[in-house]
Amino acid sequence: MTSSVSGARFVRAERGEYGNGEPVLLKLRPSTGLAGRVGLSLTGAHLPQGLRVSQVVAVYRCLGPGEEALVMFTRVTRSMDLCVLILLSCVFQFIHGQPDDRGFISIDCGVPVNSSYQDRTSSITYVSDYGFITSGENHKISSDYIKPSLAKRNFDLRFFQHGARNCYTLRFLVAGNKYFVRALFYYGNYDGLNKPPVFDLYMGANYWHEVNISDAAAVSWMDIIVVAPADYLHVCLVNKGMGTPFISGLDLRPLRTTLYPEVNASQSLVLISSNRFNLGPTDNSIIRYPSDPHDRLWSTYDSIPNWNEVSTTSVVQNYLNDVYDVPSAVMQNAATVNGSRIDFSWGPSVNISSSYFFVFYFSELQNVQSNALRQFDIIINNKTWNMQPYSPPFLFTDSFSGVVQGLASYSVSLVATKNATLPPILNAMEMYLVEPITEVATDPGDARAMMAIQEKFGVKNNWMGDPCAPKAFAWGALNCSYSPVYPSRITALNLSSFGLAGAISTDFGNLNTLQYLDLSHNNLSGTIPDFLGQLPLLIFLDLSSNDLHGVIPYSLLQKSQSGILSLRVGNNANLCADGNACGSGRKKINGALVAAIIIPVIAVISLCILLFLLLRQKIKGKAMTKATGPENESALLENREFSYRELKHITSNFSQEIGKGGFGAVYFGYLENGNPVAVKVHSDSSSQGVKEFLAEAKHLTRIHHKNLVSLIGYCKEKNHLALVYEYMPEGNLQDHLRGSNSKPLTWEQRLHIACDSAQGLEYLHTACTPALIHRDVKSSNILLTAGLGAKVADFGLTKAFGDSKTHITTEPAGTMGYLDPEYFRSYHISEKSDVYSFGVVLLELITGRPPVVPISDSVSIHVGEWVNQSLDHGTIESIVDAKMGGDYDINSVWKVADLALHCKQEVSRERPTMAEVAAQLKECLDLENRRDGRRSLGSLEVDLQGGEIQAVAAGPTLR
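First residue of the sequence shown? That's 1 in full-length UniProt numbering, and the numbers climb one at a time after it.
If you are wondering where the hints come from, they were derived from the structure by calculation, not from laboratory data. Each statement offered as a hint is correct.
Pairwise CB distance ranges (calculated): (1) D872 - E910: 18 to 24 Å; (2) W346 - N419: 26 to 32 Å; (3) E657 - D887: 33 to 39 Å; (4) S525 - Y827: 48 to 54 Å; (5) D144 - N284: 19 to 25 Å; (6) N386 - K460: 53 to 59 Å.
Pairs of lysine to any residue residues, derived as SDA-like cross-links and limited to a Cα-Cα distance of at most 20 Å, are as follows: (7) K743 - L788; (8) K456 - R171; (9) K743 - P729; (10) K895 - E916; (11) K140 - T244; (12) K460 - G502; (13) K152 - N284; (14) K471 - R448; (15) K895 - W866.
Built from N, CA and C at the ideal position, the CB exists for glycine as well.
Produce the complete structure using the sequences and hints provided.
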């Protein structure tokens, strides 16, 4: 492997005044600055738990506008109720997370909430990590590891025993600006195991470095220089199964955009093993802030053999356009040797294919006489990098930098030229790993909205760091769309049964690519906001089982009526479809009479309900205690949980069996609100086990589409496993095509069913992340609503496939006649396997025949082969289902038949995608509609108790 070198350069400019690089600070008057904001907010803002009013007064005295305001505030607080004071915490949480007046964020991880102190050496004020992270636990290091020289911030730490990824969020930054971030680690045997862990560090969605601490008594740190993609940065610790991640401190420092030009939006610089060295000093001191305005840590390097220290007390200046801004305190020392060369080497501890960036700093510290010459060459891996012999400038900082790649080790030599009378000199150096930005983060607007929702409702789950990226750590309860170039966008959000309380947050309105939003079974109150109707891509909204009131916004009703949106609003007692229905049309009744009759009735009913709920909660609590131990925690679901006793009541002791499948028998029943349901009960003889059951339920609770059968809830109590689905009153498509008791379907109805089914499958393939393959598409798995709208069922056992768009199974799954022959031969399944099966369903819709057509008592052929043979010897009419009575557009039938045969191509790559199938079916439906000179208008059904507002299908709505 050869070594490649790029970007080598000297950095020098005209001499000018030294610039320290600190940002200009605009001093605000107290009344308009922080104190002003506090003063304006104190009478109705928030005070953190444990914070005393006297502390607030003390802070305000330091910052406030005057004694009058202080007296006014004191009077107000004296009359406040204690519970109101507790509510004052929000404003202090906001203040706590801000950088200081230098733009610094300095966190001591592990100190008590709201505590802070000033470091005696650097004068930097460190704060607790409260407000920066919501997970982890504090712990002190072992007393055996506390030394007099140990900095206070290393006395304690925060460790993360739970969760694969735990993240700090650093806010109030400027998108596009450069920042220097440092994470510090001091193990100190805090857990008594004497075994330091190994874990990964991420900057946002991108890998930063592995943390591998070999010495429990050594302080380690990781530095990175990044461009902030948004006004926040996430620093994440990732558990890789090699011990519990922990962190002792976290720092952020702003940098001028001209510094470190190697850092940009596509790559960061990661300091290798703390390799930022100050050469020359004989002690082990570290130079940092305030000597270095950017608070970089400059360690002493003493590994050059036979070296001599050179130093000066004179100021070493930087050139005007210097791009590294090394402090004079570092450059005032240098290392030289008695001989003619300085040699050193390093071996990267990471992949040798990575790129490494180095920068060497030079300054002549001695006033060299005219008859003396310090001149040398810079040689890296036996290659001379300088174009001409080099002499450092006197008391000015010069730098030489470059990028190398491709070797397991690197050697650097500074070799005196033959004309030199003085040996080489080196003042300082830095060595970085060039870390490319490979993961595209979530759209900043989406991410800010999700972080605001998380804070408002206190959602725990794994809601930390970037919501969508990397995919392995994406937040639960949401789906994202991914692009290799553009930011990820949030397309679906399922917060059903998350315990959300209060008004619907306006931040939902900022998720403008959201297609599916489920807020059902919470404690949301207030009115339904109109901004939900303004979400341009929203096609599913479930607000059922909350405490919402008032009028449903017209924008939502209009979208529902047009078929664009599937809207569910049931079980909101004070919700209505229009203003007239909410408050008018009722006759006035004598108040005393109402009170005399209604109040006793309400009291009795309330008492009965209370007793019922208490009994039910007691029963459910016992069941949950047994079912939700730590080992089952990851399998907890997010929809309604039924007890087995409730299922017996719902189904009248399982008296009406309406079907049977691989999972078990299906029973008809009614919920307490009168809604019909289908209860699918796991049978002992079923080949599926508990894992498959939980996988099916978990898939279904997260998937919502108007053309997919919805899961209402589940039962997991002892040995009883069951799923509760919405009931489809018209049964399945197969029975309508070939059942003896069904009314024949018209061609228009069949096209509607085909369009609806295609949309459901298209959603599984394209909108779910990861995409889902049904694997058992057939006419008996297409269920029909009362208006003959179609919904795809039984997709709970689908297999997720990743970026490869393929999945290898150990045995083919599906139903003979519908099974993709390519999948059957190779066991390689893809979304095109569903396309093949759907092609068979289309042929069923045209012909009314089963997948395997009997042509004699002993011979049967596939319906596709039968269609081909029939078309070879006749016309299209010869294959069309006679039950349609010739009432169809012949061109429309031809197009569907041609599409079906394309879906059934032997080679999967020659088949269309499900999105293409859905689009072509829409064209076929348009042909049929034009024949009759009519359009699909639909009619609005409003069922506030049943929970759904939808357009009765007279025509599909394609996305």
